[in-house]
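J.: Between the sequences and the hints, there should be enough to build the whole structure, so can you do that?
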Amino acid sequence: MKILVPVKRVLDYNIKPRAKADGSGVELTGLKMSMNPFDEIALEEAIRLKEKGIASEVVAVSCGQTSSQDTLRTALALGADRAILIEHDGEFEPLAVAKCLVKLIEQEQPKIVICGKQAIDDDANQTGQMLAALLNWSQATFASKVEVEEDRLLVTREIDGGLETLSVTLPSVVTTDLRLNDPRFATLPNIMKAKKKPLETIQANTLGIDLTPRVTILGVREPDPRSSGVRVDSVDSLIDKLKHEAKVIA
Amino acid sequence: MTTLIVAELEKNQLKESVRQLIAASTPIPGEKHLLIMGHQLDKALAECQLLPHISKIIVADDASLSDESAEKMAEVVLSIAEQYSHILTPATAFGKNFLPRVAARLDVPQLSEVIQVKDAEHFSRPIYAGSLITDVKVTEKIIPMTIRISAFDAVQGRNANGATIEKLSMPTLPNISQRVSLNLHDSTRPQLDSAKVVVSGGRGLSSQENFHALLEPLADKLNAALGASRAAVDLGYAPNDYQVGQTGKIIAPNLYIAVGISGAIQHLAGMKNAKCIVAINKDPDAPIHQVSDYSLVGDLNEVIPELTSKL
Ligand SMILES: Cc1cc2nc3c(=O)[nH]c(=O)nc-3n(C[C@H](O)[C@H](O)[C@H](O)COP(=O)(O)OP(=O)(O)OC[C@H]3O[C@@H](n4cnc5c(N)ncnc54)[C@H](O)[C@@H]3O)c2cc1C
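Those sequence lines, one after another, are chains A and B.
The first sequence: position 131 = 298 (this note's numbering), numbered continuously.
The second sequence: position 137 = 154 (this note's numbering), numbered continuously.
Hints are computed from structural coordinates only; laboratory data are not their basis.
A quick note: this is a predicted structure, and the numbers were derived from the prediction, not measured.
It cannot be assumed that every hint is accurate.
Unchecked claim - Okay, derived cross-link-like pairs now, DSBU-like style, lysine-lysine, Cα gap no bigger than 35 Å in a straight line:
| # | chain 1 | residue 1 | chain 2 | residue 2 |
| --- | --- | --- | --- | --- |
| 1 | A | Lys169 | A | Lys219 |
| 2 | A | Lys414 | B | Lys73 |
| 3 | A | Lys183 | A | Lys312 |
| 4 | B | Lys158 | A | Lys270 |
| 5 | A | Lys312 | A | Lys410 |
| 6 | B | Lys158 | A | Lys187 |
| 7 | A | Lys217 | A | Lys360 |
| 8 | B | Lys154 | A | Lys270 |
| 9 | A | Lys187 | B | Lys154 |
| 10 | B | Lys238 | A | Lys410 |
| 11 | A | Lys414 | B | Lys238 |
| 12 | B | Lys292 | A | Lys183 |
| 13 | A | Lys408 | A | Lys219 |
| 14 | B | Lys73 | B | Lys213 |
| 15 | A | Lys414 | B | Lys154 |
| 16 | B | Lys135 | B | Lys213 |
T.: Below is the structure:
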């Protein structure tokens, strides 16, 4: 059983993002980029399924600029067998990414696609669901536990009031929540080995998909800052402020 | 131009968030229709009829919809989607699950977590865990979007004219997903996403026992919902649906009390729009103090019992 894992290169989660001075976008030059944390979890889950003998091959794919090769090398170092870059220089919206992945899936024929539930840059939370819809596949989003049965998956999902367990027909798209697993770190020998693993590049514009962005970004700005408040030195003074100044308790 | 609002239900009842969805839709000209999906919806329908600004209520009532499967709900919405200019649903686990399927099948982009609707084509939404806001323009034939409920004030009032009711004839629904079990936490507390007061605990609570022994009595006094940081959830102090933040619930209560929470950017994403934030943390340099209205630097094991007893 082959598993496909889409991975995205994003601004590292420890770095505070800033708008470009002219408000046209997000300042990324010279800043540390990493694999989207949710995708690390997706990849870890796929690798564990391979280690358990359930998956036969783990293929990592990234849709993005040439620099996304770094992210794919990381994926290979973590345990993916092969990597594919679908290269495109411009804005890559979730729908366009999903369409590119459909083309790749038609060739690769994976049984399961595991993706992160959202990317921490655009926070869209769309690609996995869109991909499942375009393929007419089942989906199991926000997964915190995945078990593979013969031709089905049993997936526990984190939903608003608690947990839901689904049984979905394969092939299927799973999107990962934070508590699915704790991803491993790449070891130095594996980073060396990853350099010899295959990394193929496909030009997105050869796939016959219209990649033109359909959401026009008029501007990117910082939200109004919260003015920082006051220190209170005792519980009594806190209660007094909450009652008489903020008037949030009776 | 007609807007379709897809309401979220809970235990067959209409969630309050529908009033915020209606509020979000008001800058878009034209009629507003409301869709409810599920099984045994009489009660929910009666609640819908009270809502202002809704001219038509569409009811998709079928036993197979009771499990809220994304594949099925998307199919129901798609069966009427072409009649609409905008489709709005809450940016919750409910809405995020099926709406992207609808958008993809309609071959249109979706907007996620919209916090401002300026008119039919201009919208704002947060990116990077709310560290930045992006203003966008979309001119598609249909615009599906999930709405960040906490960014809108609920519309008030009742329906004066009465809405027409349409029973939807069910499209063929796929059968590729079944619910095996559902474990909802029963709680007598107000719900986290709509509570006026939230008491939230982090790693500083140091154990599950301490989390509950200290925070439950305080929450009881304040009639508050309980929340938690990711660290507290990961460590098993609190269940997953307590998580507040980029990947948990995004809330804007009147009062948010952060206890033993450092204030990581991913946590702030979920609560920094609260009207009043109180931080209780022993570290004077914890980033949570930068967003809080009132900071009390001290040991939560002493501060919380004292606070609870004095309220
Ligand atoms: C992709 C991604 C998504 C994430 N999403 C979320 C999310 O949705 N929500 C979320 O919360 N986090 C999220 N995180 C995690 C986030 O980065 C932080 O790790 C987390 O919020 C830290 O939780 P904490 O504040 O409880 O723990 P810590 O950062 O460890 O802080 C504990 C605090 O408790 C204080 N403390 C300790 N003992 C006491 C005491 N006795 N009295 C008073 N104060 C005390 C300490 O001074 C400290 O400030 C995410 C991370 C990633 C990478």
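J.: Are the hints correct? Go through all of them and say.
T.: Do the hints match the structure? See the list:
1. A:Lys169 / A:Lys219: 13 Å, holds
2. A:Lys414 / B:Lys73: 40 Å, violated
3. A:Lys183 / A:Lys312: 31 Å, holds
4. B:Lys158 / A:Lys270: 25 Å, holds
5. A:Lys312 / A:Lys410: Given that 35 Å is the threshold and the Cα spacing comes to 45 Å, the pair is violated.
6. B:Lys158 / A:Lys187: Measuring from Cα to Cα gives roughly 31 Å; hence the hint holds.
7. A:Lys217 / A:Lys360: With Cα atoms ~18 Å apart, Lys217 of chain A and Lys360 of chain A stay inside 35 Å; holds.
8. B:Lys154 / A:Lys270: Cα-Cα ~29 Å, so holds.
9. A:Lys187 / B:Lys154: 19 Å, holds
10. B:Lys238 / A:Lys410: 14 Å, holds
11. A:Lys414 / B:Lys238: 16 Å, holds
12. B:Lys292 / A:Lys183: 23 Å, holds
13. A:Lys408 / A:Lys219: With Cα atoms ~58 Å apart, Lys408 of chain A and Lys219 of chain A exceed 35 Å; violated.
14. B:Lys73 / B:Lys213: It holds: about 31 Å lies between the C-alpha atoms, which stays within 35 Å.
15. A:Lys414 / B:Lys154: The given pair, whose Cα atoms are some 39 Å apart, is violated under the 35 Å limit.
16. B:Lys135 / B:Lys213: At roughly 27 Å apart (the allowed maximum being 35 Å), Lys213 of chain B and Lys135 of chain B satisfy the hint.
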